[in-house]
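A.B. asks: Given only the sequences and the hints, what does the whole structure look like? Please build it.
Number of protein chains: 2
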Amino acid sequence: MSKELETKAINTIRVLAADVVAKANSGHPGAPMGMAPAAYAVFTQMKFNPKNPNWINRDRFVLSNGHACALLYILLHLFGYDLSIEDLKSFRQLNSKTPGHPERGLPGVEVTTGPLGQGISNAVGLAIAQANFAATYNKPGHTLSDSFTYCFFGDGCMMEGVASEAMSLAGHLQLGNLIAFYDDNKISIDGSTSFAFTEDVTKRLEAYGWDIHVVEDADTDLAAISAAIKEAKKSPKPSVIRIKTTIGYGSLKAGTESVHGAPLKPDDIVQLKKKFGFDPEKFFDVPQEVYSLFHKVSEAGAAAEAEWNKVFASYQKEYPELGAQLARRLKGELPADLEKVLPVYKPEDAAVASRKLSEICLGKLQAELPELIGGSADLTPSNLTRWSGATDFQSESSGLGDYSGRYIRFGVREHGMGAIINGISAFGANYKVFGATFLNFVSYAAGAVRLSALSHHPIIWVATHDSIGLGEDGPTHQPIETLAHLRAIPNLMVWRPADGNETSAAYIKAIESTKTPSILALSRQNLPQLAGSSIEKALKGGYTVYEVSNPKLILVSTGSEVSLSIDAAKVLADKGIPTAVVSLPDFHTFDAQSSDYKLSVLPNGVPILSVEVMSSSGWSKYSHAQFGLNRFGASGKAGDVYKFFEFTTEGVAKRGQQTYEFFKDKPLISPLLTPF
Amino acid sequence: MSKELETKAINTIRVLAADVVAKANSGHPGAPMGMAPAAYAVFTQMKFNPKNPNWINRDRFVLSNGHACALLYILLHLFGYDLSIEDLKSFRQLNSKTPGHPERGLPGVEVTTGPLGQGISNAVGLAIAQANFAATYNKPGHTLSDSFTYCFFGDGCMMEGVASEAMSLAGHLQLGNLIAFYDDNKISIDGSTSFAFTEDVTKRLEAYGWDIHVVEDADTDLAAISAAIKEAKKSPKPSVIRIKTTIGYGSLKAGTESVHGAPLKPDDIVQLKKKFGFDPEKFFDVPQEVYSLFHKVSEAGAAAEAEWNKVFASYQKEYPELGAQLARRLKGELPADLEKVLPVYKPEDAAVASRKLSEICLGKLQAELPELIGGSADLTPSNLTRWSGATDFQSESSGLGDYSGRYIRFGVREHGMGAIINGISAFGANYKVFGATFLNFVSYAAGAVRLSALSHHPIIWVATHDSIGLGEDGPTHQPIETLAHLRAIPNLMVWRPADGNETSAAYIKAIESTKTPSILALSRQNLPQLAGSSIEKALKGGYTVYEVSNPKLILVSTGSEVSLSIDAAKVLADKGIPTAVVSLPDFHTFDAQSSDYKLSVLPNGVPILSVEVMSSSGWSKYSHAQFGLNRFGASGKAGDVYKFFEFTTEGVAKRGQQTYEFFKDKPLISPLLTPF
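Keeping their order, the protein sequence lines are chains A and B.
For the first sequence, counting from 1, position 574 maps to 574 in full-length UniProt numbering; every step adds exactly one.
For the second sequence, counting from 1, position 605 maps to 605 in full-length UniProt numbering; every step adds exactly one.
No lab work stands behind these hints, which were simulated from the structure alone.
Here a beta-carbon is modelled for each residue, glycine too, at the ideal position from N, C-alpha and C.
Be aware that one or more of the hints could be misleading.
Straight line, CA to CA, 20 Å or less: simulated SDA-like cross-link-like pairs of lysine to any residue [unchecked claim]:
#: 1; chain 1: B; residue 1: LYS666; chain 2: A; residue 2: ILE669
#: 2; chain 1: B; residue 1: LYS8; chain 2: B; residue 2: THR220
#: 3; chain 1: A; residue 1: LYS186; chain 2: B; residue 2: GLY209
#: 4; chain 1: B; residue 1: LYS664; chain 2: A; residue 2: GLY605
#: 5; chain 1: A; residue 1: LYS666; chain 2: B; residue 2: THR220
#: 6; chain 1: B; residue 1: LYS23; chain 2: A; residue 2: ASP640
#: 7; chain 1: A; residue 1: LYS637; chain 2: B; residue 2: LYS23
#: 8; chain 1: B; residue 1: LYS621; chain 2: A; residue 2: VAL606
#: 9; chain 1: A; residue 1: LYS203; chain 2: B; residue 2: LYS203
#: 10; chain 1: A; residue 1: LYS664; chain 2: B; residue 2: LEU673
#: 11; chain 1: B; residue 1: LYS575; chain 2: A; residue 2: VAL606
#: 12; chain 1: A; residue 1: LYS666; chain 2: B; residue 2: GLY209
#: 13; chain 1: B; residue 1: LYS666; chain 2: A; residue 2: LYS237
#: 14; chain 1: B; residue 1: LYS666; chain 2: A; residue 2: LYS515
#: 15; chain 1: B; residue 1: LYS621; chain 2: A; residue 2: ASN604
#: 16; chain 1: A; residue 1: LYS237; chain 2: B; residue 2: ASP200
#: 17; chain 1: B; residue 1: LYS666; chain 2: A; residue 2: LEU599
#: 18; chain 1: B; residue 1: LYS621; chain 2: A; residue 2: ILE669
#: 19; chain 1: A; residue 1: LYS664; chain 2: B; residue 2: SER670
#: 20; chain 1: A; residue 1: LYS621; chain 2: B; residue 2: LYS23
#: 21; chain 1: A; residue 1: LYS515; chain 2: B; residue 2: THR220
#: 22; chain 1: A; residue 1: LYS621; chain 2: B; residue 2: LYS203
#: 23; chain 1: B; residue 1: LYS664; chain 2: A; residue 2: ASP640
#: 24; chain 1: A; residue 1: LYS664; chain 2: B; residue 2: PHE676
One side of the interface only, derived from the structure: several residues of chain B facing chain A at Cβ under 7 Å [what the hints assert, rightly or not]:
#: 25; residue: TYR208
#: 26; residue: ILE212
#: 27; residue: ARG409
#: 28; residue: GLY447
Covered by chain A, according to a simulated footprint, are these stretches of chain B (three or more residues, beta-carbon under 8 Å) [to be verified]:
#: 29; segment: 187-201
#: 30; segment: 390-403
#: 31; segment: 660-671
C.D. replies: Here it is as structure tokens:
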């Protein structure tokens, strides 16, 4: 490779970045121009096949500073992914393949980034998945997995707490397959990093257990970048290559915040093109030899995939059981009849906390699903997520487990956990991933939960201690707004099962999901097995759990309040108000049912009262009146707290009666009926 | 002080901790027993007056590992705060003064803690406030402020990203008035910290710019702890004293996770008491000489306050203007007629983005309010929060500002910012604090926002780019669920003003608030000044902004969709459907109005359609039908994106007509009318 051609290739990226952002009149040219040499160095030694972006043993690249996406799109185009020069011209336009931040689902985009700190944390998850995958399937002479995860991140990511959490864990886990580039350009949106960010980043990363390589002049010293990558690949630790770059390198405004998030001026682009030997009259101009250079790399990747396919074919013969299992996983299929392993409960079975019911489900599922992996943010004995006989996912040198282990000790790092499980899910190979904490602390990870939904990662949150029923820990730990928040996120299932059958149903839906994440809100306290529940009914997301003929009132409820509502319905019947009870464990699943079915559950003409011991916000979609808790909770014994807030049989019955009387002379249509 | 008495005092704390948790049969004895010597060392040299817990120059103490609250309650009792031995016996019982985690509002509790990482971040805020307060008011010979902020935190806090963010900023700001104790006990809930947390904490903190002192045996070496405190007080940097302790020191289970969160067994308590020379038959036993020891410290604090009062009296004479200003602040009063400085708009005034209207308000308010302080999480040029002539809050040695500065460069640290502004607010002296970011990224700080509301910190979030109207940055940056989430939090105002008058009203309510925080959701794009708006009307939280006689339809809307709704109302009138428009900029404020007023705005008998370009969840409380955006947004020009989702005059009018037709034969009651 001639040095001249390499320089031309790098400058092609820079000039294209200027053109792409200028054409859109929106975007971030600075980081792409500054990081072009590093991008060149990384991508030209990576192993990937643009014709099959899902090849399981590809190296993965994550752009954590997602605002620099012009860089990623340009690379994808140059290497021959399904992204044309016309797509580059549509940068940041509605319904283009080149949106304002990278979105998973576009060819070559591993994860959705933009919200800072998420990408580097996803990369930690990708590296965990690769380590687990390799430890599970590699055999002597059959290396099925040896890929690396590369990540670019900037000062913004480094300031975000989510990245701190994930990077600390990556150091602990000694993820040598993870190589990140810190774009040390000294500029953020407010201006110089000296305004707010003067910590010693190298020292901090060393404290986390990472190897650090510094490239003093990453604007031009390609050899130094390449040498650092080689060193990093040998390290048994995760590595950061700290590249000192000039934001907007080549622009008249280079090194200032004004090239961060605004297009270069036309005259600046002219001088840039002249400086780099490009024709200033031409736009989106890629020299053919530059295409050729990049396409050779892609061809080598395609050849590597072909070679891998041979190894896998041989593997399937030599290790038929593992081979078949892996083939199934790569097809994204579950074992046949998986749902049959989950327990079915009868009303005479003992009352059990749904966190304990969840433990039983996890235990059954993990035995069938080698792709089930997850853990807790330091609440294992409370979340009940570690199955008997589990091996921890740990480095062998720790003496605490190994990489084939599927139980992850996340530490007290909820947001990091959320972003890491998104990354594990993004690896592919059918990984089914869960993270666990108290329901209230899912909020700490709101940034990551939103991205699970937006990016279609079908991950699972095991969210225990789901109400004031957690008792003494008090209002700081008692969720109030949490379900309203989560239910308002598009493409998210939020299950709050009322008993054993509903918990099994929630796990079936969560595990079978391929594009929708799930929150499982689970009780600390025991819940009775309901006579009217079944897995089949619960799979509809909502159903009548306590039927009466010609009800004059319907109570609609979830989780621990369903049995309470049934008790109240019996009291109301005695008062001459025949009352049915609907269990609505997941709004999202219920909403997807047929209109007829839904109206059979929540029909016209009957007043409906919702009963859930947290914010009633969102419930008027399914009810005419709401009994909730629109204030913070209180510290005390769970029973005392429930009583204090009148979430008792009498308290519910009283409000049921009030609802009945209020509406009895008023014609009512189902809240499900809408004008459009 | 005899060494023997000191030891007895420390062991009194330990034995009480065992009794308190055992009596409740719930709680965390381990950390109180391990940290008792450090607590003794800190509190006996602190300056505070239990008879006036609000004395502005008190030293402040924050228990960031809030689960160890038995320790705090015991200290408050022993030093003579309004917390009796009976209160200790009611630990974790409903409506006691000793709830499961410390709650602000109880005497001597500076901030609510329990959610990990918040307390240490609040402590950074307290230290910022003290530095600003001292820089603003201290004069030669008149030192009005020289207090320290002390904080205890454990491994859990150290793992949380929010703490990383706040501690990095504290190091940058060189807050020498902040002294934190890291309870290095090697145990978390899952067991040994070796499972998940093996980073080099000392090195990480040094990287942040903190001084670190290590006490190798903090179970017994009181002298070493005291010496470290003395050193830390001299340091120009924030300090961590890393105390190596044994969790549950004295218990048979000392050093294990089983003393973390469960009571000691009765026989364990017996041996503990015997070991420490206490009578095992006695419970809640405090030797009189121990009370006397602690009360002497409190008396010295009372004397210090009396001395301070003299200095302040002299100050008021010598510096009458500053003295009067400070006296006003200490009374918690605002300058008279403050609201008159805020601009009033007429319909002929230009259309302006509400982020820009916010900038005007902030500029006016800061000139009147020396207690206004705040900043942005590295989005200053987008949030428009830095007023002309502002001084940055920075250490003098940075050359970028000084501690009298009131503009804080938070860096890309939303969660840290949220917790820090809570801390500033908790300092007292009427601090009015704001933090700024994009509305979508308030979610990163959800843990802190919830605590603002729970703890009654009247802080303000300036949350710009409040919808798909931000355009090209796309769905990763476009809020959908955010308002539904925030509106479901009790005690939180969520303003989304439609024009200049509404923005002024939002600022008035936010600044005048003493117990309720505010989110101000502000547009990136220009909004016209509405003919029907006024500050007075908007102060009610909701009002009819576009009146028609005998409306057959009401559109209820917020922010940028209000003018759109008015345009649609005009189209609907042409179609024979007289349509009124209600602007509902803040649900919380509207809910507090009289029932009559509210029903005059959203009356019986008229179909009501809500129009807001995000999740419609929560809107059925005020409407019969909802036009919202129950999916993620899209990257593109703002106008194109609005059009794509049919948030246009025609799109709203169409749905208005559908709503009118759907309900025209159906009797309707106002959604405000409820059975209970």
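A.B. asks: Of the hints stated earlier, which fail here?
C.D. replies: 5, 11, 12, 13, 14, 20, 21, 22, 23 and 26
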